[in-house]
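Asks: Chain order of the listed sequences is A and B. Residue 1 is where the first sequence starts when you use full-length UniProt numbering, and the numbers rise one by one after that. Residue 1 is where the second sequence starts when you use full-length UniProt numbering, and the numbers rise one by one after that.
Because the hints were derived from the structure by calculation, they are not lab data. One or more of the hints may lead you astray.
Unchecked claim - Sample of chain B residues facing chain A (criterion: CB under 10 Å; computed from the structure):
| id | residue |
| --- | --- |
| 1 | Leu367 |
| 2 | Gly371 |
| 3 | Arg470 |
| 4 | Ser475 |
| 5 | Lys481 |
| 6 | Arg754 |
| 7 | Leu758 |
| 8 | Leu762 |
| 9 | Leu843 |
Stated by the list, open to error - For lysine-lysine, the following DSBU-like pairs were computed, each having C-alpha atoms within a straight-line distance of at most 30 Å:
| id | chain 1 | residue 1 | chain 2 | residue 2 |
| --- | --- | --- | --- | --- |
| 10 | A | Lys95 | A | Lys195 |
| 11 | B | Lys481 | B | Lys456 |
| 12 | B | Lys670 | A | Lys125 |
| 13 | B | Lys456 | A | Lys145 |
| 14 | A | Lys145 | B | Lys481 |
| 15 | A | Lys125 | B | Lys464 |
| 16 | A | Lys130 | B | Lys468 |
Bear in mind that the values here come from a model prediction, so they are computed numbers and not experimental data. Note that the Cβ used here is the ideal one computed from N, Cα and C, for glycine as well.
The lines below spell out each chain.
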Amino acid sequence: MNTPEPLASTVVIKTVNLGRTLMDTEQQPLTILQGINLQINAGDSVAILGSSGAGKSTLLGLLAGLDQASTGEIYLNQQPLTQLNEEQRAQVRQKVGFVFQSFQLLGHLTALDNVMLPLELAGAKDYRKKAQNWLERVGLGHRIKHYPNQLSGGEQQRVAIARAFAGEPVVLFADEPTGNLDQKTGQTIIDLLFKLNRDQGTTLVLVTHDLELAQRCQQRYLLQDQQLILQTPAAVNPVNAEATP
Amino acid sequence: MSRIPNAIDSGRAQRPSSWWLATRLLLREWRSGDLNLLASALILAVMTVAITAFVADRLQKGMEQQAAQLMGGDLVIQSPRALPEDWLEDAKNQNLQAAPQLEFASMLASDNGFQLAAVKAISQGYPLKGELLIGQSADVLGQSSQGQIPLSGEVWVDLRLLSALGVTLGDEVEIGQKLFTVTRLIQQEPDRGGGFMSFNPRAMINLADVPATGVVQPGSRVTWRLMLAGALVDIERYKSSIKPRLESAHRLLDVREDRPSVGSALDRAQRYLQLTSIGAVILSGVAVALAAARFARRRVDSIAVLSGFGHSPRFVTGIYSRLLLSLGLVTALIGASLGYLLQSIAVSLFQSSLPVSLPPAGWQPWLLAMGTGQLLLLGFARAPLQQLQQVSPMRILRRDLVPASASSLSTYGLALFALVALVYWYSQDWRLTLWLSLGLIVVVVVSSLLTLGLLKLLHPLESKLPVKPRLALRSLYSHRKTALPQVLAFALVLLVVALVSIVRNDLLDSWQQQLPITAPNHFALNIQLHEQQAFEQALDQAEIKHSPLYPIVRARLTLINHQTALEQVPEKAREDNALQRELNLTWRSALPDDNKVVAGQWWPEDYQASPNALTPLSIEAALAERLGLSLGDHLVFELAGQKIEGVVHNLRTVNWDNFQPNFYVITPPKVLESMPQTLLASFYLAPEQRPQLAQLVRQFPSVSLLDIGQILQQVRQILQQVTLAIEVMLMFTLFCGVVLLLAAVKNSLDERLREGALYRTLGASGRMIRQIQGLEFVCLGLLSGVLAVLGSEITAFLLYRQLFDLDYSLSFTHWLLLPLISVAIITTAGLWGTKEVLKRPPLQVLRAR
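Excised from the complex, chain A in its bound form (with noise of 0.2 Å):
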């Protein structure tokens, strides 16, 4: 096992020559990721675009601790997760925020309970208030105690997000949030999104294929061909990530 090196405390995530490889359905080896070197600080929206299939959502998973890695190395929030083991592992989650494209919340449980949840996980002291006090933040106050199919698409996606931030997380990942949403929700959902980041000063990773969404990040990632490409605000060429330290 290597001894992690010590990260300068503003790098949220860092990856050193990460890669997947899965086996397909004739038990092929596909390679999904390879060598991926990635760094990202503290308060940074990053987003990471590409086509669908790219593997992003693959990537998403790899930061995020929930899948593990093939090759290289992850740190997440000052964690080597590679060498984790999953109660490890879910401890770093703790401290981790997701929203999905299609909502994931429990269709059996209210907004309210689905908010509560990752705090009870914690085990969060007055996690009802403070699952009250989200859902009025995200504008749902008036509808806790109602069931995800009772909410539309858009009212899903943010209970989703007060079940992100409740948790307090120092790192969100959002895979595709408005994927699901027409434009006029959408808009409103990542404004949303970005103005608690900013009030929470919560690091953002975004998977999105909209150029658009993608632009209100700081930087901007290109998943392509298994590798991971930074894209400068003017870039027309796209420079290898392996350049930044």
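Chain B: place on chain A using the hints.
Replies: Frame of chain A, contents of chain B only:
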């Protein structure tokens, strides 16, 4: 097969037939593995039913065969007059073995004395079933007659007759006008009756010798019997061909009628086998219902997509219906074949411990098992499939659109219909069907109310609990709609297993009590009052365990409500044996142990007869029913010119299975004491005490000693076989129960996988998720266990009272054990079944949705 007409656009390809599509779909789904659970459930269902049906069929046949030996044949036609000649010919023409016999009472005379004996005149072939043991002396065990019968001029006698007549083998005795030579000693007779009141010593002669004796004249009291044996189908065919020709004096006897003790054991065993089969059906129903629900759930998207492509949901579900039907046929064939194979293996394993080898199974179990599979599919899989018709094509766009759930009425109604139909098909018994269905409905309704009530009650208390139990309880509460069927399924499975094992224990107990090893195997009849003391002393000295000596007054029932009994009884009872002969009356202050008063009341122990009051009479209930007697009827019995007058004071059932002295008529003490009477005792004679029996016969020549040891032995063998049958069935039920519990847990896996994945993204550790899930399973197990105990007690209570005629008592061990076992199995199975939650990467699970 339906083809959609395609008149509008002839250029468009015609829509393929639904069956063709269904077959292709079936193959494709089978390959994808998505049908595995449903197919396994169906195969398991048919296999379980097949195993029970095959084993039950073979054991049933085996038991009947064994029991037929007690009767000397598979079927007996009995008549007080000679039977028409062509009946015998018909039987022979229908491939049956047939042997007529004639039985009558006659005085036998030797140089040394006289003795009234029961003479049986037999013909070639006797006995058709069982063994007649004959020998030269009482001290050496005899040999099988092997088809041999007395030659003309020969008589075979039993030990009692030999002693009573004071003769030895080779001596001559007279029956009527003919002289016979005693050539053999009868040691065991397969079809010797089990009752004890008509037991005169036995003599056997050749049927051809009867006319020469001149004792059988028109009007003589005789019993003709036509003994028949052969293959079951032939017997059944003959039975139905002869039934319309029977007159009121004819009686068609099979094992049940001829041997009430064996008959009731067989009946109970058969009911038990039915119960286990029905249990297996319920288990299978649960499995199919769970698997079908899962299958339908997973088809919602496909149907939405196909609907979106322009096929109506009705068309698509029609295809799925055909798919299920084809699946049903394929799985029925596989399941029945597997069942046949497994039962062959099981029976061959147990064969060595069976008293007789089991006959092969017939074709009916095949039909039963495969038909059951189809009915289960219809009853338990139709409703979830129907629900798919409600799928909106909009679901392609909005995944949160779930089809309206099928109404509980159609879901449960269809399942109930299938179940009732199956139970009736299995039992052919409306009573069993009614009580079992009623029991199940009560259990399902009560369980549902209790489960929902309890969850609702606990819900407000959640917030006071630590995080893990809180989340476990909340998950249960919020999943109550899916948790309820799951709890019901678990509870039903446990209930069936518990019921099958409770009934087994009580049946075996009751049989063991009925026939302990030292159950009396001899009766001593006709003990005179003056011999009482000497006889008791003789038994005590020989260290023979015996019952008290019961007084018997033999009297004939002559008047009922001041009219002759023959006129008063229903027409079909006119030739009833009870009116033809003297009945045994006795007196008692207390109700005999195995008797139960079913109408009226027993008299107080200190009953004092007032001089003018009529004697209260206690009558055996079945006799009263046959003769049409009811409470308050005035009866007159006569003996030797004396009269006994009384009124029917109570009716009581008698346990004829226990081989203890039982009486048709009982009076309070003192009423009969002045009447002519003899005494009766029963005792147990160990094999090594056999020489003492000969001694006893010599010492008390007028006492009739009746050896029922052989009958007891045969009954024990039957019970042993029945016991084994029950054990085998219990084992299979247990096995199927556990497999089903595992399947039921597996059924809820999809939702748990997703929940677990989401919990992980929200920061829960694997251990925490396992603990929450573990707690959930503990709650489910506990709830199911308690409901199963409750349900099994309710159902057992109903079944015991209504069907098994057993005493019901609450079992506290079950109350403790069943919930514990339930928690252990469900938690282990649940955690094992959901271990994948931690194995699969959470994002993969979430994205797969």
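Asks: Does each hint fit the structure? Answer for all of them.
Replies: Comparing the hints with the structure gives:
1. Leu367: Status violated, d = 42 Å.
2. Gly371: Violated: closest Cβ of chain A sits about 39 Å from Gly371 (chain B), beyond 10 Å.
3. Arg470: For Arg470 (chain B), the interface hint holds, since the closest Cβ of chain A sits about 7 Å away, which is under 10 Å.
4. Ser475: Status holds, d = 8 Å.
5. Lys481: Check passed: Cβ of Lys481 (chain B) comes within 8 Å of chain A, closer than 10 Å.
6. Arg754: holds (8 Å)
7. Leu758: holds (6 Å)
8. Leu762: At about 4 Å, which falls below the 10 Å cut-off, the nearest Cβ of chain A leaves the hint on Leu762 (chain B) intact, so it holds.
9. Leu843: holds (4 Å)
10. A:Lys95 / A:Lys195: holds (19 Å)
11. B:Lys481 / B:Lys456: Given pair Lys481 (chain B), Lys456 (chain B) holds - Cα atoms ~12 Å apart, limit 30 Å.
12. B:Lys670 / A:Lys125: violated (86 Å)
13. B:Lys456 / A:Lys145: holds (17 Å)
14. A:Lys145 / B:Lys481: Holds, at about 18 Å.
15. A:Lys125 / B:Lys464: holds (12 Å)
16. A:Lys130 / B:Lys468: Distance of about 19 Å is within 30 Å: holds.
Checked against the numbered hints given earlier, this structure breaks hints 1, 2 and 12; the rest are met.
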